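Keeping their order, the protein sequence lines are chains V and W.
At position 224 of the first sequence the residue is numbered 224 (our numbering), and the sequence of numbers has no breaks.
At position 22 of the second sequence the residue is numbered 22 (our numbering), and the sequence of numbers has no breaks.
One should not assume that every hint holds.
Simulated pairs of lysine-lysine, DSS-like, Cα-Cα distance not exceeding 30 Å [unchecked claim]:
id, chain 1, residue 1, chain 2, residue 2
1, V, 287, V, 334
2, V, 280, V, 176
3, W, 77, V, 290
4, V, 199, V, 44
5, V, 18, W, 77
6, V, 263, V, 44
7, V, 263, V, 180
8, V, 199, V, 285
9, W, 77, V, 263
If you want the ones that stay clear, here's a sample from chain W, every Cβ over 10 Å from chain V, calculated [to be verified]:
id, residue
10, 57
11, 78
12, 117
If you are wondering where the hints come from, they were derived from the structure by calculation, not from laboratory data.
Given the structure is predicted, the values throughout are model-derived calculations rather than measurements.
Using N, Cα and C, we set each Cβ at its ideal position, and we do this for glycine too.
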Amino acid sequence: MTKRVTIDPITRLEGHGKIEIFLDDEGAVEECFFQVPELRGFEKFAEGRPVEEMPRITSRICGVCPEAHLAASAKAGDAVYHVELPPTARKLRELQYSAFMLGDHTTHFYALGGPDFVMGPDADPAVRNIIGVIQKVGVEIGKEVIRTRIECHEVAKILGGKPVIPVNMLPGGMSKGLTKKEDHERVLEIARRGVEFAKFTLKIVDDIVLANKGYVDLILSDPYALRCHNMGLVDENNHTNFYDGKVRVTDTEGKEIIKYEPKDYLNAVEEHVEPWSYLKFPYIKQKGWKGLVDGQDSGVYRATPLSRLNAADGMATPLAQEQYERFYDTLGGKPVNATLATHWARVVELLYAAERFLELVQDPDITGPDYRIIPKAKPTEGVGIVEAPRGTLTHHYITDENGIIQKANLIVGTTNNNAAICMSVKKAAQGVIKPGVEPTEAILNMVEMAFRAYDPCYACATHSLPGQMPLTVDIYDRDRRLVRSFSRR
Amino acid sequence: MSETERTSTPHPTVVIVGLGNPILSDDAVGILVARELATGLPPERVEVVESMRGGLDLVDLITGHESAHLIDAIQTKQAPPGHIWRFGVSDLPPALTLAGSHEVDLPTALRFAEQMGYEIPSRIVIWAIEVSDPYTVSEQLSDSVREAIPRCVERILAELREDGSIEVSTQFPGSR
């Protein structure tokens, strides 16, 4: 274990993400911290509001994954009012959610995570982006990327929400059904194309990433390995589900630690606070907080596409199941602890999202009239959990007898991964920054790749005009003097 | 006007996009300026939208227009809260166009749009209002940032009049 470095509060970040790397006398990485700003005051903002307003409000917390908050909040509202949704309502929600996951994972692969592999981690930053990717795979694919994103928004619009920020999920179901024939046909068309697009995307992974031994070696290399427990929602067959089911946590050897109903989340997860970070560190209660360490005895878990695959016994749709098996065959069996394999896992999930979307559109219940029931029971308390693209998302509300929020708690996707991200960034820094060698842009990009695999989203920081979360990398020597600072475009 | 719903006709010459988060304190400022502008601009000439997302979604909102005005919160810490910055795409402060989270940056999004053959506006102006707290969940803005709203509205109107986007005589109910 490395020596702990206490950072003066003055260096706590304000306004943007920061990686701080501390070097020892030889110039090797001694410590590394990753910090981000935290959303403040949500609980206070929620208190005193009617619980049925929460889906509309929480979907505005974040411009990146509004549907995840919408769905988790609506599910928590269902629980507060003790309502069991009719099949049509439940399936419509999952349909919309699957379309959202399809769009979100598409963006990540083509614009954010993919460029490091399609172009190469040390490619010129001018081409290591979506433009380089499209140059390589073709403008027609670029058009498909755009079309997929637009059509996934369109699904939400057809189902009665607004494009981009949907508001159509409510306690008890949906604000509108899929009862019109032309709407159903359009959604079916979008789903079919989604499956083809997802299959094509997996082919890109095959042709460009897996066919390159250098990339596979990089994915499996030690600087990017982290042995954590794995969290993910599963259905009754222990298959991955994004919208519903129980949360399953498996250990670093693949054995189940706990499987819990959303309402029992506080029995499974606790949060640790570190003085140098605004963001809390959730950990598995049964294991306890052992610090920022990985391994079987640690409490640190991940909630990512990779951990969802690790925590499940398989995928619920046929093509995704084939890819799931190939994933583990290629990478040496379950569980996979290679952080960079998260990108491939995300594309397997992309295919699952598309297939599930298509299955649900073709389900006879989907066009039914029972898309909402009006809650009548006395409201009390409820927890809603969904898998946000970047991790398990929990909403917990306690109300008075009029349904007015008395207390609210959220554990958002990225927060689950806080400890793992910090450790992954540090391990990558230690692996790629060598004593006596000036860290180049390419080397620092390889540190960032450890963080990018998690598709981290820090809500408020992501939608600002330049469009990316500002990130700086500061390197300090033994005497805490800032020796280099990178603020890259 | 409501979020991301277009207010008017198919292709007005100018689009104004208010960016930000309506429930994150000062971060709402871009959206509030856009809402104020929407009350008085001729919809056949100027389309006003609001959005919580930048990056590729922004491309969709501005494609097909001749010019675009983007309004957002910014934190440079090089000016007091409420200061109004005016940038072009090429002189966006580099400290804020960094590698990072879940979207591509604006210059990348625009290059991508060009690569796709989209008609992006020949003129893009960025109005960025220096803010003090964009991280607390609240619908309240700090005083200095709230006071910047009418000033920013006036500056955008002046520019629209000057470049002929709207008539000099356009009456604007939001003006004081």
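Evaluated hints:
no. : hint              : result
1   : 287(V) <-> 334(V) : holds, 21 Å
2   : 280(V) <-> 176(V) : violated, 38 Å
3   : 77(W) <-> 290(V)  : violated, 38 Å
4   : 199(V) <-> 44(V)  : violated, 45 Å
5   : 18(V) <-> 77(W)   : holds, 16 Å
6   : 263(V) <-> 44(V)  : holds, 22 Å
7   : 263(V) <-> 180(V) : violated, 36 Å
8   : 199(V) <-> 285(V) : violated, 39 Å
9   : 77(W) <-> 263(V)  : violated, 43 Å
10  : 57                : violated, 7 Å
11  : 78                : holds, 12 Å
12  : 117               : violated, 8 Å
The earlier numbered hints that this structure contradicts are 2, 3, 4, 7, 8, 9, 10 and 12.
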